[in-house]
Amino acid sequence: MLDLSITKRFPGFRLNVQLKLGREILALLGENGSGKSTTLKAIAGLVTPDEGYIRIGNTLAFHSELGINIPPQKRSIGFVFQELALFPHLNVYENIAFGLKVRGYSRARIGEEVNAIMQALGLAELRYHMPCELSGGQKQRVALARALVTKPRLLLLDEPFSALDLRTRQEVREQVRDILKTLNIPAIIVTHDYEDAAILADRICVLSNGRIKSQKPPSATMPPLPGVVYSLS
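Take the sequence shown: its letter number 59 is residue 59 in my numbering, and every next letter is one higher.
Because the hints were derived from the structure by calculation, they are not lab data. Hints may be right or wrong, so weigh each one.
Mimicking DSS-like on lysine-lysine, the simulated pairs with C-alpha atoms at most 27 Å apart in a straight line are [claimed, not checked]:
(1) K20 x K74
(2) K151 x K213
(3) K139 x K181
(4) K20 x K216
(5) K139 x K216
(6) K41 x K74
(7) K151 x K139
(8) K139 x K20
(9) K151 x K181
(10) K139 x K101
(11) K41 x K151
(12) K20 x K213
(13) K74 x K213
(14) K139 x K213
(15) K181 x K216
(16) K101 x K213
(17) K213 x K41
(18) K20 x K41
(19) K74 x K181
(20) K20 x K101
(21) K101 x K74
(22) K74 x K216
(23) K74 x K151
Given the structure is predicted, the values throughout are model-derived calculations rather than measurements.
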């Protein structure tokens, strides 16, 4: 589903990542500044690598030597940002429908798709609520619904639970896990919290100083890492 080998240079930092993803949930675990979010943005087309390639399914989304760089809106990727980025002037329905409207879907098709995803994520009763009226967990589900309603080939989540309190974090994390497993969508979750990775992922990749240092299943014992929160009992 995803095959990439990319290099991106910044002053004092170099990202050099090789990664393959099947129909699974992968966690990118690492301290702040390790390159996790930059990797996601490169996959999504929001950051352009200096060298390498990114293949999503059968589509070559980026290739430095061939001059290929498909724009973000054509990569069929769902992205849930750390800050969620809900439109404050749009209600829940309108927020979720935004991506479909941009793609030129008919009003009837938009209604069908949005109502279905709202029902699946327990948002139907909130359709007319504004973002300022939602709890942290509800906002997270709206952001997830907006990313999923376009039926992406790949879902990217950047620190999706960092703004939630502990109780809400645990509840929403379990909901997200169940949704991803039910929909069977490959996903990459960026986090610096080992509990997020262990509960959600089928595989954990540890990223440090711009490179993947290890790949293990969640059940494996992980070495202590600077900047990583270990909160499992």
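Of all the hints numbered above, which does this structure not satisfy? Sort the numbers upward.
Of the numbered hints given earlier, those the structure breaks are 2, 5, 8, 13, 14, 16, 20, 22, listed in rising order.
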